[in-house]
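Participant: Sequence:
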Amino acid sequence: MIVDDSIVIRGLIGRWLQALPDMEIVARCRNGQDAVDTIARVKADVVVLDIEMPIMDGLTALPKILAAAPGTKVLMASTLTRRNAGISIKALTLGAVDYVPKPESTRDGHASTEFQNELIDKIRAIGTKKPAKAAPKRMFAAERTSASEVRGGLLDKKKPELILQKASTVKPQILAVGSSTGGPKALFDFFGAVTSSLDDVPIVITQHMPPTFTAILAEHLANSTQRTCVEGADGMKLEPGVIYVAPGGKHMIMKKVGLNTVIVLDDGEPVNFCKPAVDPMLDSLLPIYGAAMLVCILTGMGHDGRDGSIKVQEKGGTVVAQDEDSSVVWGMPGAVAQAGICHKILPLSDLPGEVAKLLKGARV
Numbered sequence: 011m012i013v014d015d016s017i018v019i020r021g022l023i024g025r026w027l028q029a030l031p032d033m034e035i036v037a038r039c040r041n042g043q044d045a046v047d048t049i050a051r052v053k054a055d056v057v058v059l060d061i062e063m064p065i066m067d068g069l070t071a072l073p074k075i076l077a078a079a080p081g082t083k084v085l086m087a088s089t090l091t092r093r094n095a096g097i098s099i100k101a102l103t104l105g106a107v108d109y110v111p112k113p114e115s116t117r118d119g120h121a122s123t124e125f126q127n128e129l130i131d132k133i134r135a136i137g138t139k140k141p142a143k144a145a146p147k148r149m150f151a152a153e154r155t156s157a158s159e160v161r162g163g164l165l166d167k168k169k170p171e172l173i174l175q176k177a178s179t180v181k182p183q184i185l186a187v188g189s190s191t192g193g194p195k196a197l198f199d200f201f202g203a204v205t206s207s208l209d210d211v212p213i214v215i216t217q218h219m220p221p222t223f224t225a226i227l228a229e230h231l232a233n234s235t236q237r238t239c240v241e242g243a244d245g246m247k248l249e250p251g252v253i254y255v256a257p258g259g260k261h262m263i264m265k266k267v268g269l270n271t272v273i274v275l276d277d278g279e280p281v282n283f284c285k286p287a288v289d290p291m292l293d294s295l296l297p298i299y300g301a302a303m304l305v306c307i308l309t310g311m312g313h314d315g316r317d318g319s320i321k322v323q324e325k326g327g328t329v330v331a332q333d334e335d336s337s338v339v340w341g342m343p344g345a346v347a348q349a350g351i352c353h354k355i356l357p358l359s360d361l362p363g364e365v366a367k368l369l370k371g372a373r374v
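Each residue of the sequence shown is one higher than the one before, starting from 11 at the first, in our numbering.
Quick caveat, the hints were computed from the structure, so don't treat them as lab data. The structure displayed is predicted, hence computed values, not measured ones. Since no wrong hints were added, every one of them can be taken at face value.
Dumping the calculated DSS-like pairs for lysine-lysine here, alpha-carbon to alpha-carbon at most 27 Å:
id, residue 1, residue 2
1, Lys-74, Lys-53
2, Lys-247, Lys-285
3, Lys-285, Lys-266
4, Lys-176, Lys-367
5, Lys-181, Lys-265
6, Lys-247, Lys-321
7, Lys-266, Lys-181
8, Lys-325, Lys-176
9, Lys-247, Lys-325
10, Lys-370, Lys-176
11, Lys-367, Lys-247
12, Lys-181, Lys-325
13, Lys-370, Lys-265
Derived Cβ-Cβ restraints for the label pairs, each shown as a range:
id, residue 1, residue 2, range
14, Ile-17, Gly-300, 54 to 62 Å
15, Arg-93, Thr-179, 43 to 51 Å
16, Ala-243, Glu-34, 40 to 48 Å
17, Ala-77, Lys-325, 41 to 49 Å
18, Pro-221, Thr-179, 37 to 45 Å
19, Glu-171, Ser-207, 29 to 37 Å
C-beta: ideal position from N, C-alpha, C; glycine also.
Construct all of the structure, not just a fragment, from the sequences and the given hints.
Facilitator: Below you can see the structure in the form of structure tokens.
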């Protein structure tokens, strides 16, 4: 279902989606009230919801849509203004699963193409129904083994599919978090439940987001956790207990300067089609922290974070991931889980407790 007060945007999105064999448009609505009145009847899998509309705006309509059609995935669409970024982040805390930035003008061909590609990718990712569950996958707790052994078939092929590794013998000195689709809500839930255990280590986050959105995300995390949370900046020194969010449009990497670890913003090419990306962050931390790294990969599309996490595990660090059932999209966490490098693969609700134990030095 497409909800936008602009007939141009409704028509544009409609033409894109109608041309795809795996998508069907069940309704087009001019405002939030129209969407609320329509949603229960049409049973949409995904709603593309504009923010600024007359009669009823998107933020007001969002909880009403979710109440009328539980299980519907809502994708917020907004232009890249600071105000709309703030509203989009608020919407993610209220149940929207993701957002997509709209171009300022549909006459900008490059921006429209980027919008089209991102919109279609996200609709496919969040709208795909998970298959009916068979028996739960068993997990095999192995001695520490390398991802290359798992991939190369050196482990017994009769063992269960998901292989777990023992935690590092070294107490973590940093927590690195990667997330994408569904990530903002997961980050709020995760950091809202991890309390004093974060006081002794710096926390670095790469969430796939454009500029402006990452600054607003940091502000909302600071408000919701009552912890210092900032958007990373060049030369910023990592301090224990502080959360640093990679800024949109730049890779956030770290380097050692004297006794300090400082942030360096890298304007290089996208990695894994993302900028910021998780892998460059992890790669930069590895020579500084080595086995004292704790990595947590949350919900998201793609496999960003997998290659860096493999290197972390092979150097003796610890990797944990969100499980499939609690993920909006089990791309990133699924990639590290299936690489056989995780210490634990857990529901989002259980990850804070596990991370807290690991930060205190537990190896269970």
